[in-house]
Every structure is written in C-alpha cells, then in structure tokens.
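Using the sequences and the hints, build the whole thing.
There are 2 protein chains.
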Amino acid sequence: MSDNNAVYIGNKSIMNYVLAVITQFNTQGAKEVKIKARGKAISRAVDVAEMVRNRFLTDVKVKEINIGTDKIENEDGKVVNVSTIEIVLTR
Amino acid sequence: MSDNNAVYIGNKSIMNYVLAVITQFNTQGAKEVKIKARGKAISRAVDVAEMVRNRFLTDVKVKEINIGTDKIENEDGKVVNVSTIEIVLTR
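Protein chains in written order, with UniProt numbering: chain A, 1 to 91; chain B, 1 to 91.
A hint or two may mislead.
Identical copies look the same in the list; a pair holds intra-copy or inter-copy alike.
Listed below are the simulated DSSO-like cross-link pairs for lysine-lysine, each with C-alpha atoms no more than 30 Å apart in a straight line [what the hints assert, rightly or not]:
hint, residue 1, residue 2
1, K78, K61
2, K61, K31
3, K78, K31
4, K12, K31
Read the hints as simulated data drawn from the structure, not as lab findings. Computed from a predicted structure; not experimentally measured.
Structure (structure tokens):
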C-alpha cells in the first residue's frame, strides 16, 4: 500500500489510507507524502487527502496535484487508457 | 451542465462533458474552462480532462487543480462532507 512516501489507493476502507498517510508524516518523519490512484479510486484519493487535512493533520497542505493517463491491459488482454492522479501533500 | 466557462460533471456519458468542454473552447472562444465535480464524479472529471487533452484539443494544458470539501445535506437531512475537485484547463 505504501513505499518511499507514496500511498497507493485501492479498495480497502478509506481509513486504512488515512492512517498510512499519517504514519508516513508522523512515524517516518516524511516532509512530503504522495497519494496515488487510478480510475474509480481517484475519488477516494481526494477523500483521503481531504480527511487527512481537515480532521487529522491540519498543518498539512496540498503542494501539487498531477493528473495523467496510463495504458493498461484489461482482463481480455486489450490495452485501455485509465486516468491517474497524484496528490502531493507537504508539511 | 455548463455556465461561465465551467462544466459540472454529473451522471451523463463522459462524451457529453468532453463535447461541452470543446464547445466552450472552440465555439465560445474561452481561454480557460473549469471542470467541476463532487464525490464519485471526481474520477470522471479527470477522465474528461484527460480525454479532451489527449484526443481532441492537444494544445490545452492543465493550469491548476484544486480539491476541497463541501458540506451537503443528504436525503435523511444529515449534513455530510463531500470531496470536490476543480480542474482548470487553459489554452
């Protein structure tokens, strides 16, 4: 779920990812944490960023948000485009 | 769906919104178009921005992306937080 200051949003509950972000800032002393997601998980990435900032770490700011498109192979082996987001939080 | 250079993402098909953005740039001569969405529609807002930029108006750039939280009243009259996104495209 998280490595080198990045938290990848999947299908777990949002609180899992909120805690992962808080852990990176508080326990691992990160100055910057990147929340990354693709496709439908993009909305949850924004939820996580907003929940961290509004309820837990009110001094954390959004430094930058990047969107993009990845090409992935779906179950049928077809290459499809999927949107991506990266929300960079900083302290 | 769209007013004063803003396109609000709802439940229609993505192409509706892609066309709305293209119309604002091409027909109404807008220099800037804002794609706005809340909750689960946030992922579709990113899809629309990426589809416009990759397939239709390749000179359009992402100027800025803002996220936030709105407080809305749900069907039971309870006030809940919902995430928001605003993607500012520019030419």
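Status of each hint after checking the structure:
In this assembly of identical chains, K78 and K61 lie within 30 Å of each other by CA distance solely across copies; the values are 28 Å between and 39 Å within a copy. Taking identical chains as interchangeable, the C-alpha atoms of K61 and K31 lie at most 30 Å apart whether they share a chain (11 Å) or sit on different chains (29 Å). Taking the shortest alpha-carbon separations for K78 and K31, neither the intra-copy value of 39 Å nor the inter-copy value of 36 Å comes in at or below 30 Å. Taking CA atoms no more than 30 Å apart as the test, K12 paired with K31 passes inside one copy only; the shortest distance there is 25 Å, against 40 Å between copies.
The structure fails hint 3 only (numbered hints given earlier).
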